[in-house]
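Put the complex together from the two separate chains, hints included.
Those sequence lines, one after another, are chains A and B. Using numbering that gives the first Met the number 0, the letters of the first sequence correspond one by one to residues 0 to 258. Using numbering that gives the first Met the number 0, the letters of the second sequence correspond one by one to residues 0 to 291.
FYI, nobody ran anything at the bench for these hints, they're computed from the structure. Keep in mind that this is a model prediction, so the values were computed, not measured. Beta carbons are placed, not taken as given, at the ideal position from N, Cα and C, and that holds for glycine. One thing to keep in mind: the hints can contain errors.
[Stated by the list, open to error] Covered by chain A, per the in silico footprint, the following chain B stretches (three or more residues, Cβ under 8 Å):
| no. | stretch |
| --- | --- |
| 1 | 68-82 |
| 2 | 206-219 |
| 3 | 267-279 |
| 4 | 284-290 |
[To be verified] In the PhoX-like style, the derived pairs of lysine-lysine whose C-alpha atoms are separated by at most 25 Å in a straight line are:
| no. | chain 1 | residue 1 | chain 2 | residue 2 |
| --- | --- | --- | --- | --- |
| 5 | A | Lys250 | A | Lys207 |
| 6 | A | Lys209 | A | Lys250 |
| 7 | B | Lys26 | B | Lys62 |
| 8 | B | Lys62 | B | Lys22 |
| 9 | A | Lys207 | B | Lys266 |
| 10 | A | Lys207 | B | Lys267 |
| 11 | B | Lys267 | A | Lys209 |
| 12 | B | Lys62 | B | Lys18 |
| 13 | B | Lys266 | A | Lys209 |
| 14 | B | Lys184 | B | Lys198 |
| 15 | B | Lys198 | A | Lys209 |
| 16 | B | Lys265 | A | Lys207 |
| 17 | B | Lys59 | B | Lys22 |
| 18 | B | Lys184 | B | Lys59 |
| 19 | B | Lys184 | B | Lys62 |
| 20 | B | Lys62 | A | Lys133 |
| 21 | B | Lys184 | B | Lys26 |
| 22 | B | Lys59 | B | Lys18 |
| 23 | B | Lys198 | A | Lys207 |
| 24 | B | Lys59 | A | Lys133 |
| 25 | B | Lys223 | B | Lys265 |
| 26 | B | Lys184 | B | Lys22 |
| 27 | B | Lys26 | B | Lys59 |
| 28 | B | Lys184 | B | Lys18 |
| 29 | B | Lys198 | A | Lys250 |
| 30 | A | Lys209 | B | Lys265 |
[Stated by the list, open to error] Quick partial rundown of chain A residues pointing at chain B, CB under 7 Å, derived from the structure:
| no. | residue |
| --- | --- |
| 31 | Gly25 |
| 32 | Val37 |
| 33 | Val103 |
| 34 | Gly192 |
| 35 | Tyr203 |
| 36 | Ala235 |
| 37 | Ala242 |
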Amino acid sequence: MSYNIEIWQSLLIAIWVGLVMTRSLGTMTLNLRSSPLVTSLVVGIILGEVGQAVMIGAAIQLVYMGVVGPGGVNASEPAVAAAVAIPTAIYGGISAEAALAIAVPVGLAGTYLYQARFFVNTILMNRVDTAAEKMNDRMMTRYTILFPFLGGMLLFVPTVFIAIQYGAPFIADLLQSATSKTLLHVLEVVGGGLAAVGIAAAVYIIAKPKYMPFFVIAYFLAVMLQELQVNMTIYALLGALVAVVYVTIRKEAADMAGS
Amino acid sequence: MSDMVETNSVATTGSEPEKVTMKDINKAWLRFHYSVEIPHSFDRYIAASFLWALRPILQKIYKDEEQLRQAYERHLVFYNTQVVWGGGTILGIVASMEEERAREEHETGESVITDESINNLKAGLMGALAGIGDSIDEGVVQYIFIAIGLPWAQRGSAFGAFFPFLCFALYQFGFGWYLTRLGYKLGRQAAASLVGSSKTQQILDGLAILGLFMMGILAGSYVKISSSLKINLGNKNFFVLQDALDQLLPGILPIAAVFLLYFYFKKKEFNITRAIVYMTIALGLLAFIGIL
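Bound conformation, chain B alone (with noise of 0.2 Å):
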C-alpha cells in the first residue's frame, strides 16, 4: 500500500462512495439541529454533535474502515460555532468537502483536501459566523419576537408568552435548513459570497437598526423609573420632582438610566450580574430615602 504522507489519504479498500443527495443533507441538518448543545463541553464544545450530525453522510461517502475512523477523529475536535448560521452554513461546507474527498481517494488513491484544509475551513470559519450569527440571532431577532410579544403577556396572554418562541423556532430551524443546502451546494466558496457581500452587510444594518428602535420602543414603555418626590415648602406649596422634570424633558429618567448602564457596559465591563446588584443598590437606596 502506498503511503502519502502529504496528503495523509489513506488508499481505500472499500467501495466507492455512494452519492450524496439533498435528503442527506437535510437528514444533517435536522440531526445538528436537535442534538446541538447537549453533549456541549468545556473541551471539544459541540465537536461530538457536529460528528453525530456528519455521520451518516460520512458513512455513505467512506466505505474503507480506516479512512471513515480518520474522518471520525477528525471531527472530534474542537468545534463552536452558532447553531444556524454557523453550523448550518459549516455543516453543508464540510459535507461537500468530504465527499470531493471521498471521490478523489477513490479515484486517484489521494486528495488535494487533507485534514488540515478542513479544519482551516471550519476554524476560519466558526468564529466569524458565530460572531454574526449571536448578534442576529440571540442578539436582535429573538428580541424583536419577544418585543412584540411582551405586551400581550403582559396582560396575561398565554399566546403572548408562546408567540416569540414559535417565531424564533421556526425561523432557526428554516434558515439553518436553508444555510446548511447553500453551503453544501456552494463549496468553499459559499464563506466568500455569504460574510464579503454588500447585500449582506445591507440586511445587517438594517436588522441593527430595527433592533434598536424595539429596544426604544420597549424602554419608553416598560421602565418605569420616576420620582416620588414631594417637598412641602409650606403654605400648601409643594415642590414635586417628577412634574419639574415632566416639564423639562418628559421620561428623562428611564432613558438616563438605560445610558448610564449602557456605558457602564462599555467603559466598565460587560457583567449583568453586577449591572443588576448596583442597580437594585441604587434603586432601592434612592427609593428608600424618597427620592425615587
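Just chain A, same shape as in the assembly (with noise of 0.2 Å):
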C-alpha cells in the first residue's frame, strides 16, 4: 500500500496540534493535550477514516494514563504522537500496536517542542512587563495572547507537518517491511503489556495504599466478567456506590466513637 497522505490532509493535522498545544482554544486544550482520544478522533476524520482512528487513539490513550505532570510539564505529549502515529498506522497498513511503537518516541519529541515553547514565553513575558509598566493594555493583551499563539504556531504546525508528510512514510515502509512472525509477535505483546504503565502511572498519582484493594477487587471483577462485556458506565456506578458506602461507614464510625 502507497503512503498517499494528501498535503493539506498534513497540513490540517498539523494546524490542529498546534491549536491543542499552543493551548489557545483554552483550559479545554487540558484533556485534548493528555489525552490522545479527541486528536485521533480529528485525524480520522481528515482521513476519512474514523473509525480505525479512533480505535489506535485508544490504545494511545491505554499507555498514557496519569501523564500529567506539574508545573504544565508531561512525560508525553499524547496529542502529538497520536497526530503522527495514526497516519502512519493508517496509510502505512500496520497494526495498532506497532502504532505505540512509532507514538511513543514522537509523544517524548513533543515533549522538547513544549519546553521550546516555554523558552519563547519566556522571552515574550519581557514585553509584557513593558506593556504593563507603559499601561498599554492593547501590546500586553499582544503579547500575553497574540505572540505567545504565534510562536508556538510556528514550532508546532511546521515540525509536525514535516513529521507526517514526509517523516512517517520512511517508517512505515520500514515496519511494512518487516513480515517476521517474530517480530509481529513482539509487537503484539509490547502493545499489549504497555497499557500496564500507563494504569500504574494513574494509581500512583492518585496515590493512597490504604485503598488498594479497591483497586484489586474491581481487577478481578473485571477479568472474572470480561465475557459479559458489561458497561464502563455500570462499573463506574458501582464504584462510586462503594465510595459512598466506604465513606458512609467510615464517618458513622467516627460519629459513633465521638460520642
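Here's what the structure looks like:
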C-alpha cells in the first residue's frame, strides 16, 4: 500500500496539533493535550477513517494514563503522538500495536517542542512587563495572547507537518517490510503490555495505598466478568456506590466513637 | 501628597472605584479560562494570564493611574496553580481583596491590604490548591470520563473519543465558574473553608476510591499479558504455562505487571518515559524468547 496522504491533510492535522499545544482553545485544551482521543477523532475525520483512527487512539490512551506532570510539563505529549502515529498506521497499513511503537518516541519528541514553547514565552514575558509599565493594554494583550500563540504555532505546525508528510512514510515502509512472525508477535505483546505503565502511573498519582484493595477488587471483577462485556458506566456506578458506602461507614464509626 | 511607606498605598487622585459585579467576576473567569496557559513561561508561569483575566476589574476599581500601574505590576509576579481549584478560587478571592483595598485607599488614603498580604495569599494558596486540583481533576476526574468512553472508542466509535473531552471540559468550566464566584463572595475565608473542611476530605477520599476502582476495571479489561509458552513433554503431553497460571489465579500476569510498575514508581522514581522503555525491553525480550 503506498503512503498517499495529501498535503492538505497533513497540514490540517499539523494545525490542529498547533492549536492544542499552544493552548489557544482555552482550558479545554488540557484534555485535548493530555489525551489522544479527540486528536485521534480529528485525524480520523481529516483522513476519512474515523473508526480505525479512534481505535488506535484508544490504544495510545491506555499507555498514557497519568501522563500529566506538575508545572504543566508532561512526560509525553499524547496529542502529538497520536497525530503522527495514526496517519502512519492507517496509510502504512500497520497494526495498532505497531502504531504504539511510533507513538512513544514521537510523544517524547513532543515534550521537547513544548519546552521550547516555554522558552519562547519567557522571552515574550519581558514585553508584557514593558506593556504593564507603560499601561498599554493593547500591547499587553498582544504579548499575553497573540504572540505566544504565533510563536507556538511556528514551533509545532511545520514540525508536525513534516513528520506526517515525509517522516512517517519512511517509518511505515520500514515496519511494513518486517514480515517476520517473531517481530509481529513481539510488537503485539509489547502493545498489549504497555497499558500497564499508564495504569500504574494513574494509580501512583491517585496515591492512597490504604485504598489499594479497591483496585484489586475491581481488577478481578473485570477479569471474571470479561465475557459479559459489561458497560463501563455500570462499573463507574458500582465504583461510586462502593466509595459512598465506605465513606459513610467511616463517618458513622467516627461519629459513634466521638459520642 | 502623603506617603504611606508601611502600607504601600498611593494617595489617590482618581475618582471613586466602581462596584464590582458578579458579571465582572464571571467575565474574569471566562478570560482566565481562555488564556490560562497561552503565555505559560519558565520565569513567571501563568502570571500574565492571571493579570489579563483580572485587568478589567482592576481598571474598574483603580481610577488613579499610578494605583493601576502598581496593581498591574503586583500581579506579574510568579504565579502557578491548577486552573480550576487554584485559578478559580484565587481569582475570586484576589478580586474581593483588591476591591476592598481600592475602596479603603479611596476613602482613607491607605489600606491594610498590602502588596505583601495579597502576594502571601496567592503564594500560600497556589501550591495547596494546585496539589488538590491536579490530583482530583487531572488525576481522577479526567480518567473516570476516559474510562467510560474508552470501550466505545476501542470499537471505533467517534462518540467514545469525544465523550470524555466534552464531560471534562464542561466540568472544568462549570466548576471553575462556581469556585471563582465562591472565592469572591467568601473573600479570604474561602480558603480555610474549602481546604480544611471534613466534607471536602470525604469527597476527596471518595473520589480516590472511585478512581482506583476504575483503574482496576481498566487493568482487568485492557492490559493484555499472557504467556504463549508451550513445552513439549513428549508423548503428546504439553505443559502450557498460561493454563497453569490460570489455574493458580486468572489474570495474575497483568496485575503483577501493574504492581511491579507501581512499586518502581514508588521506590525508584516516577519517570514514565523510563518505565515505558524498560517495559518495552522486558516485554520485547520475553516475547522474543517465547515466554510471553
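Outcome of the hint check:
no.	hint	result
1	68-82	holds (count 6)
2	206-219	holds (count 14)
3	267-279	holds (count 8)
4	284-290	holds (count 3)
5	Lys250/A / Lys207/A	holds, 18 Å
6	Lys209/A / Lys250/A	holds, 17 Å
7	Lys26/B / Lys62/B	holds, 20 Å
8	Lys62/B / Lys22/B	holds, 19 Å
9	Lys207/A / Lys266/B	holds, 15 Å
10	Lys207/A / Lys267/B	holds, 18 Å
11	Lys267/B / Lys209/A	holds, 20 Å
12	Lys62/B / Lys18/B	holds, 12 Å
13	Lys266/B / Lys209/A	holds, 17 Å
14	Lys184/B / Lys198/B	holds, 20 Å
15	Lys198/B / Lys209/A	holds, 20 Å
16	Lys265/B / Lys207/A	holds, 12 Å
17	Lys59/B / Lys22/B	holds, 13 Å
18	Lys184/B / Lys59/B	holds, 18 Å
19	Lys184/B / Lys62/B	holds, 23 Å
20	Lys62/B / Lys133/A	holds, 16 Å
21	Lys184/B / Lys26/B	holds, 15 Å
22	Lys59/B / Lys18/B	holds, 8 Å
23	Lys198/B / Lys207/A	holds, 18 Å
24	Lys59/B / Lys133/A	holds, 18 Å
25	Lys223/B / Lys265/B	holds, 23 Å
26	Lys184/B / Lys22/B	holds, 13 Å
27	Lys26/B / Lys59/B	holds, 13 Å
28	Lys184/B / Lys18/B	holds, 14 Å
29	Lys198/B / Lys250/A	holds, 10 Å
30	Lys209/A / Lys265/B	holds, 14 Å
31	Gly25	holds, 4 Å
32	Val37	holds, 5 Å
33	Val103	holds, 6 Å
34	Gly192	holds, 4 Å
35	Tyr203	holds, 4 Å
36	Ala235	holds, 6 Å
37	Ala242	holds, 4 Å
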